[in-house]
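Same order as they appear, the protein sequences are chains A and B. Numbering-wise, numbering that gives the first Met the number 0 puts 219 at position 220 of the first sequence, and it's gapless, one number per residue. Numbering-wise, numbering that gives the first Met the number 0 puts 64 at position 65 of the second sequence, and it's gapless, one number per residue.
Calculated from the structure, these hints are not laboratory results. It is possible that part of the hints are untrue.
To give a feel for the contact side, a few chain A residues facing chain B, derived at Cβ under 8 Å [said to hold, decoys possible]: (1) H43; (2) D45; (3) R104.
Restraint ranges, calculated between C-beta atoms of paired labels, are given here [claimed, not checked]: (4) B/G280 with A/V33: 50 to 60 Å; (5) B/L174 with A/F132: 40 to 50 Å; (6) A/N201 with B/L174: 45 to 55 Å; (7) B/G80 with A/D153: 37 to 47 Å; (8) A/S72 with B/V84: 31 to 41 Å; (9) A/G212 with B/L174: 24 to 34 Å; (10) A/F132 with B/P291: 45 to 55 Å; (11) A/R142 with B/V65: 38 to 48 Å; (12) A/Q90 with B/V84: 52 to 62 Å; (13) A/E146 with B/G80: 52 to 62 Å; (14) A/D153 with B/L174: 50 to 60 Å.
Far from chain A, some chain B residues (derived; all Cβ distances over 12 Å) [unchecked claim]: (15) E59; (16) T154; (17) F219; (18) M245.
Every value quoted in this text rests on a predicted model; they were computed, and no experiment measured them. We put the beta carbon where it would ideally sit given N, CA and C, even for glycine.
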Amino acid sequence: MQPSDSVPRITTPKSAGLPTLEVHNIVRNFGGLVAVNNVSFGVHKDEIFGLIGPNGAGKTTLFNIITGLTMPSSGRLVYDGRDYTGEKPHQIAQKGIARTFQNIRLFGNLTALENVMIARHTHTHSNLITGVFGLPPGPAEERRTREKSMELLDLIGLADRAQMQARNFAYGDQRRLEIARALALEPSLLLLDEPAAGMNTNEKAGLSDFIRGVRSDFQLTVLLIEHHVPLVMGLCDRIAVLHFGDLIALGQPTAVQNDPAVIEAYLGDE
Amino acid sequence: MQAFIQVYGFLLVTMVLQATLALSLYLPLMAGQLSLASPGFYAIGGYVAALLSTRVFPVERGLYPVPPFLFELFVAALLCGIVAVIVGFTALRLRGIFLALATIAVVEIIRVSAVAFQDFTGGQIGISAIPDPIGSQFGYILVAAPLLLFAMFFTYRLERTRVGRAFTALREDELAAAAIGINPMAYKVLAFTLGAMLAGVTGVISAHLLSTWNPSLGTFDGSILILAYVLVGGSRTFLGPVVGGMLLTALPEGLRALAGVNGLPEWLSQLLKDSRLILFGVLIALGAAFFPQGLITPDLFRRREPAPLNNPPTPVAK
């Protein structure tokens with residue numbers, strides 16, 4: 000367990016694991032609105048790091064900045080010791096940073112299996128010629144892609160419905176399918192944008208164990224946005240709290256929960 | 000049979016060539032890019048054939064030899080590929096209707112250039128007396144049909160492999176595709192270039208078939224016609240454009256034949272004969288109304304499991 004950082008600064012205690020993702024002084028303006036204001040933190044290897052905050056706090060904007068969908072107005076992003084600020088989303092995905100979306104973005108017309116197989120893109124190499132004409136490594140690779148994808152569907156319990164169109168799945172299943180698609184990248188950092196949103200109570204209860212299982216099975220670091228407070232408190236090793244673009248608290252769940260600034264942000268000051 | 004080929008040989012070859020052009024529009028569409036540039040690359044291919052066969056490898060009499068014909072196909076594919084990569088990296092930054100407009104502009108630029116560089120292209124009159132490598136119009140089926148079959152095989156296989164899946168991902172959701180490591184620009188340009196090369200090769204065959212080439216063979220009208228092939232046939236499987244291209248190419252001739260049937264009232268026969276382009280337009284409109292996904296849809300083929308009863312389908316979350 001990491002020692003708690005009670006002040007929002009980029010601290011990496013010598014005793015803790017090295018930060019795998021470092022966010023340095025990130026600012027993002029939309030016109031006159033400051034969506035993310037000088038936010039810095041580091042996510043340590045193998046931890047589950049939660050990002051919480053009221054609506055409009057800038058959480059999803061920060062996610063989009065980390066995955067390259069939105070450019071920061073200023074600030075730096077470092078992953079595994081290398082500065083990747085300004086790189087394109089597909090380059091960032093190739094580094095092993097995978098994500099899910101708040102408003103699920105599956106390939107709705109395709110089957111569950113196809114959704115996962117497409118995400119093996121960065122780990123396969125067949126090109127136009129070898130693919131179309133079935134030359135090595137095409138066919139063998141195609142078989143492995145299919146096997147690997149079925150394994151992932153098996154993991155989330157959708158293997159029996161591999162040929163069903165993604166749009167026909169229940170909401171919770173779509174969320175898990177999107178996680179399976181992200182896992183197909185074999186990421187070292189997994190970003191989950193509100194994984195429990197729209198899930199029923201049963202599904203929510205299973206989600207914590209599922210995310211922990213994924214973390215240990217795939218040896219990855221998890222950064223998640225979540226509104227469901229009990230889930231975050233029980234699941235995350237550390238939590239960062241955003242409020243109107245500012246990072247107002249960072250530390251272990253219990254410390255954050257009792258932080259006056261956090262209580263004020265959530266309950267208001269009147 | 001002999002008589003049939005005598006009458007319809009040219010039509011059959013044209014149907015195959017138009018189906019191939021329809022596939023050249025379908026290829027970029029696989030990656031979600033609506034490009035109407037096919038007639039431009041078709042025109043480039045035609046000029047490559049016309050110039051090489053009349054200026055570089057002229058024949059005095061008899062059939063045009065096969066090796067330079069194959070060389071023309073190669074040059075057209077290469078040249079169209081290079082132009083497509085250059086055009087693609089700029090035009091494919093645009094989306095949807097803006098891309099369609101930009102690609103129409105490409106067609107127009109190529110057409111106007113062909114008119115302007117008279118010394119080279121023969122201006123409005125074009126280039127005539129393009130030699131014939133085959134000897135009969137129906138004989139072109141020996142080149143056109145293998146090209147179409149190859150293009151169909153290529154597209155069919157492509158959809159089931161890594162590169163084709165990347166195209167599909169871009170068509171479905173570009174942002175999600177990028178987030179799983181697919182380089183959107185690279186794959187869009189690849190899809191666009193494949194379509195351009197196919198259109199260019201088709202142009203080479205057409206030039207020899209028609210034995211003449213001029214700027215009116217690659218125009219905006221052609222863009223719309225090819226788009227109609229894909230829309231009527233269906234834009235979700237590679238068979239749709241092929242069927243659409245063949246049907247719509249045969250349709251005016253079918254209407255003309257229908258007008259000749261004995262016993263039709265004079266006015267109806269006149270309408271079928273003289274107004275076949277109007278009827279053609281009406282049929283396209285009706286097709287769009289009653290077969291909005293085209294005649295051939297993936298549902299006709301896909302073995303898809305129905306949603307289990309204990310798991311009622313929910314609308315896709317968007």
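Results of checking the hints against the structure:
The interface hint given for A/H43 is broken, as the beta carbon of that residue sits about 23 Å from the closest beta carbon of chain B, more than 8 Å. Because the smallest distance between the Cβ of A/D45 and any Cβ of chain B comes to about 22 Å, over 8 Å, the interface hint for this residue is violated. A cut of 8 Å between beta carbons decides the hint on A/R104: the least distance to chain B is about 4 Å, and the hint holds. Between B/G280 and A/V33 the beta carbons are some 55 Å apart, a value that agrees with the proposed interval 50 to 60 Å.
A beta carbon spacing of about 32 Å between B/L174 and A/F132 contradicts the range 40 to 50 Å that was offered as a hint. For A/N201 paired with B/L174, a C-beta distance near 31 Å fails the hint of 45 to 55 Å. One distance hint, 37 to 47 Å for the beta-carbon pair B/G80 and A/D153, holds here, with the actual separation near 42 Å. In this structure, A/S72 and B/V84 meet the distance hint of 31 to 41 Å, their C-beta atoms being roughly 34 Å apart.
At about 28 Å, the CB distance of A/G212 to B/L174 agrees with the hint of 24 to 34 Å. For A/F132 paired with B/P291, a C-beta distance near 35 Å fails the hint of 45 to 55 Å. Distance hint for A/R142 and B/V65: a CB-CB separation of about 40 Å, consistent with the stated range 38 to 48 Å. Distance hint check for A/Q90 and B/V84: the Cβ-Cβ separation is about 21 Å, which falls outside the suggested range of 52 to 62 Å.
At roughly 35 Å, the beta carbons of A/E146 and B/G80 sit outside the given window of 52 to 62 Å. A hinted range of 50 to 60 Å is violated for the C-beta pair A/D153 and B/L174, which are about 28 Å apart. Remark: the non-interface label on B/E59 is consistent with the geometry, its nearest Cβ contact in chain A lying 40 Å away (cut-off 12 Å). With a least beta-carbon separation of about 9 Å from chain A, B/T154 fails to lie farther than 12 Å from that chain, contradicting its non-interface assignment.
Listed as a non-interface residue, B/F219 keeps its Cβ farther than 12 Å from every Cβ of chain A; the least gap is roughly 30 Å. Against the 12 Å criterion, B/M245 stays outside the reach of chain A, whose nearest CB is about 23 Å from its own CB.
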